[in-house]
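Sequence lines, in order, name chains R and U. Mapping of the first sequence onto the numbering used here: residues 202 to 492, in sequence order. Mapping of the second sequence onto the numbering used here: residues 22 to 415, in sequence order.
Calculated directly from the structure, the hints in this document are not laboratory data. Please read all numbers here as calculations on a predicted model, not as lab measurements. Errors might be hidden in some of the hints.
Unchecked claim - Partner residues are not named here, just some residues of chain U that face chain R (Cβ under 10 Å, in silico): (1) K40; (2) N60; (3) D145; (4) A157; (5) I177; (6) K215; (7) I248; (8) I249; (9) P253; (10) S342; (11) V346; (12) L350.
Stated by the list, open to error - Chain R is nowhere near these chain U residues, computed Cβ spacing over 12 Å in every case: (13) T107; (14) S118; (15) P128; (16) Y197; (17) G393; (18) E405.
Stated by the list, open to error - Listed below are the simulated DSSO-like cross-link pairs for lysine-lysine, each with C-alpha atoms no more than 27 Å apart in a straight line: (19) U:K367 to U:K320; (20) U:K254 to U:K271; (21) R:K395 to U:K345; (22) U:K320 to U:K40; (23) R:K451 to U:K62; (24) U:K261 to R:K316.
Positions of the beta carbon are idealized from the N, C-alpha and C atoms, including for glycine.
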Amino acid sequence: MDPINTAVIVKLEPDFSEGNVSYNPDGTLNRAETKNILGPHSAIATAAAFYAKVKYGAKISIGTMGPPMAESMLQQAQLISDADDLYLYSDRIFAGADTLATAEVLKSGVQKMGKMDIVFSGHRASDGETGQTGPQTAWKLGMTFLGHVIEYEINLENRTVRAKRLVRMQGIYDIVEEIEAPLPVFIAIDPSYKSKFNTVSQRLDYERYQKEAFERAKNFKQYLKVFNAVQIEADPKLIGISGSPTIVYKVERIPKGKATRQAEVIDGANQEDIRKVVARLRQSLSTMVIK
Amino acid sequence: MTEGDYRHVYIIIEHEEGKILQVSLEMLGEARRILDDFNKKYSSNEKVVAVLLGYNVKEIPKILIEHGADAVIYADSQELRYVRNTIHTKVIAQIASDRDVAANIEPEYATQFKRPRYMFFAADSIGRHLSATVLAHMDSGLASDINKLVIGDLQITHQNKTGGKPLTYEKTLEMYRPDFSGFLWTTILCLDNKNPAIQKDYHPQACSIIPGVFEIIPSDPSRDGKIIEYTPKFDEEDLKVRIIDRKIIKSEIDFDSHKAIVSFGRGIKDSPEQNIKLIEQLAAELDAQIGISLPLSKKPFSVSQTVDSTYLIPDRVIGISGRKVAPKLYIAVGISGAMQHISGMKDSEFIIAINPDENALMKDECDIFIKGRMEDVIPVLIEEIRKQKQVVQA
């Protein structure tokens with residue numbers, strides 16, 4: 202049986218943790234002062250690939266489009282997944298890309314890694330939050346796209362994947378859908394994904410690979426390849442600003458809407474007022490309230 | 022581009038076993054409003070076109086017309102009962118570029134029609150991904166999570182798009198999306214490259230629309246419209262993707278069965294662990310479920326593992342990126358009141374906010390604003406609730 206080849210596409214994102222994140226006085230993100238890290242959803246996708254390594258002995262390649270400093274983020278991802286190869290696609294011509302032009306670079310980048318059976322991505326980036334880049338990369342790669350995946354298993358013999366997806370139906374109910382698809386597939390991992398290692402041998406492999414990951418990440422540059430647009434054979438017409446159908450026309454503060462309610466302002470230090478608040482709060486909970 | 026190449030707004034309808042999702046009707050409502058203005062302004066006659074894929078859905082087109090559609094294109098097949106991304110993407114793209122279908126909607130432009138002018142999807146589990154793959158397939162631009170739409174003629178000077186020259190883009194869809202903080206609005210445009218060096222048309226101009234933002238047009242049974250059946254073509258290979266099982270589940274965090282919800286935001290920052298404990302106690306007194314604002318799900322604080330995995334999780338987020346709730350009592354603790362959060366809780370019956378900053382946006386969205394630090398206010402609240410409970414029991 203052929204081994205399974207997996208790729209993970211990850212993103213460098215602002216670190217939203219307190220102490221690292223910096224906000225402007227108006228509540229917006231201060232990007233200059235905020236550190237950048239492996240995005241949390243990218244980290245989950247990386248952990249999902251590691252599951253394939255532990256359970257199926259899969260090979261893992263991790264790729265990102267970003268500035269040269271993104272290499273330390275690839276090191277973080279290697280530490281999580283014991284990745285065999287790291288790829289940084291870095292070129293000034295990539296700058297200003299929208300999701301479609303980003304997907305084009307990632308498509309070319311993944312193709313450069315070799316023939317993949319599964320490509321993983323995170324659910325969405327915590328700064329851009331569009332969630333479009335994953336599915337668009339999948340489409341350009343011609344792979345079956347499976348989104349919101351919370352669990353998956355690979356059938357090595359039939360070369361198929363069986364995945365559970367969490368589909369939220371606003372206003373109705375949520376559904377867990379089980380789907381089977383022939384490889385290759387592109388999996389966008391749901392934030393609620395958790396790897397489960399059930400057997401003793403899986404746990405032993407887990408520890409062994411973790412140790413290896415630690416050693417590899419120490420010398421991550423040995424595993425790192427940095428490619429520019431020409432090297433990944435990206436079509437210059439389809440990448441960067443010139444390959445982007447969309448532009449950001451303007452950014453403005455969301456104007457303060459009309460007050461929807463007339464709030465009564467209470468001094469939190471006034472015990473008597475708090476007593477009244479509690480009386481009203483209790484009233485609001487009683488089913489006897491007639492509006 | 023000539024007049025007639027790109028016409029109409031196509032809306033991708035979502036439903037579950039024939040039950041139409043609210044957001045689909047909301048999109049129809051907004052499309053109707055902006056297209057009525059459009060047709061008046063440009064003396065045009067473009068249409069609101071609903072696209073419906075499913076199995077046993079022949080009853081739905083009529084409902085869509087009653088809610089504002091001029092035409093409904095539907096494909097009814099067992100293969101379309103549930104959404105499989107590849108299959109749905111290809112069928113939607115087929116429909117959107119089908120000239121015979123377009124001729125049926127509007128015979129006078131039958132020979133020119135290439136694609137829809139605009140295209141709307143729902144910004145939910147299904148529409149977000151479908152919009153991404155459909156637009157990748159059609160090679161055009163997409164803006165996600167939109168909550169305001171304007172159509173206008175814009176003068177654009179752009180190094181790439183116009184080669185640095187000022188040019189007018191007619192009938193351009195301004196797509197407003199709130200950013201993750203909820204404070205900034207970014208307007209996205211999808212523009213043809215008019216720069217001769219890289220000339221290229223980008224149509225449709227497409228977006229996904231946040232559920233719960235736009236008003237539904239009440240059903241009007243006297244409304245008239247065209248219903249067009251479409252017979253899709255499937256690729257054998259795509260049918261190998263099989264849905265094996267579907268189970269309806271309840272979220273582990275159940276907001277609906279609680280009369281009260283206590284939510285917290287970044288205001289817990291001075292001592293996150295202790296403050297979350299305080300909120301736990303307050304919620305316990307009120308038998309309330311606990312919610313959080315979006316920034317908290319990005320795990321900005323270092324707290325114990327238990328607190329982290331119990332509370333700082335996406336399942337508890339209330340707002341555009343999370344759940345929409347409407348309890349009898351909503352207590353917002355240390356939440357600034359970004360639109361992101363407000364749209365998820367504004368329908369609550371009675372809203373109390375606890376916040377030291379009287380200028381917080383939350384003040385305009387609540388019935389009682391308790392000015393003070395949560396560390397000081399919540400213990401007093403808890404004490405008073407206990408006292409008043411005792412009075413009743415006595």
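The hints, checked one at a time:
1. Nearest Cβ of chain R to the Cβ of U:K40: about 7 Å, under the 10 Å cut. The hint holds.
2. Interface hint at U:N60: violated, since its Cβ lies 24 Å from the closest Cβ of chain R, which is beyond the 10 Å cut-off.
3. For U:D145, the interface hint holds, the least distance from its beta-carbon to any beta-carbon of chain R being 5 Å, beneath 10 Å.
4. Using the Cβ-Cβ criterion of 10 Å, the hint placing U:A157 at the interface with chain R is satisfied: the shortest such distance is roughly 4 Å.
5. The closest approach between the C-beta of U:I177 and any C-beta of chain R is roughly 8 Å, which is under the 10 Å cut-off, so the hint is satisfied.
6. For U:K215, the interface hint is violated, since its Cβ never comes within 10 Å of a Cβ in chain R; the closest pair sits about 13 Å apart.
7. A least Cβ separation of about 25 Å between U:I248 and chain R goes past the 10 Å threshold, and the interface hint is therefore violated.
8. The beta carbon of U:I249 is not positioned within 10 Å of any beta carbon in chain R (closest approach about 27 Å), and the interface hint is therefore violated.
9. For the restraint placing U:P253 at the interface with chain R, the shortest Cβ-Cβ distance is roughly 18 Å, beyond the 10 Å limit, so the hint is violated.
10. Annotation: interface hint on U:S342 holds; nearest CB of chain R at approximately 7 Å, less than 10 Å.
11. For U:V346, the shortest C-beta to C-beta distance to chain R is roughly 12 Å, which exceeds 10 Å, and the interface hint is violated.
12. Given hint, U:L350 at the interface with chain R, holds; its Cβ is 5 Å from that chain's nearest Cβ, closer than 10 Å.
13. At roughly 6 Å, the least C-beta separation between U:T107 and chain R is not larger than 12 Å, which violates its mark as non-interface.
14. With a minimum CB-CB distance of about 16 Å to chain R, U:S118 clears the 12 Å threshold, and the non-interface call stands.
15. With a cut of 12 Å on Cβ distances, U:P128 stays outside the contact zone with chain R, its closest approach being about 30 Å.
16. Not every CB of chain R is more than 12 Å from the CB of U:Y197 (nearest about 9 Å), against its label as outside the interface.
17. Not every Cβ of chain R is farther than 12 Å from the Cβ of U:G393; the closest lies at roughly 2 Å, contradicting the non-interface assignment.
18. With 12 Å as the threshold on Cβ separation, the claim that U:E405 sits away from chain R is violated: the shortest Cβ distance comes to roughly 4 Å.
19. Of the supplied pair hints, the one linking U:K367 and U:K320 holds, its CA atoms being roughly 24 Å apart against a limit of 27 Å.
20. About 36 Å separates the Cα atoms of U:K254 and U:K271, which puts this hinted pair outside 27 Å; it is violated.
21. Under the criterion of a C-alpha separation no larger than 27 Å, the hint pairing R:K395 with U:K345 is consistent with the structure, at around 25 Å.
22. Restraint check for U:K320 and U:K40: the C-alpha separation of about 36 Å exceeds 27 Å, so the hint is violated.
23. Pair hint R:K451 plus U:K62 holds up; C-alpha atoms about 24 Å apart against a cutoff of 27 Å.
24. For the hint pairing U:K261 with R:K316, the CA-to-CA distance comes to about 21 Å; that is within 27 Å, so the pair holds.
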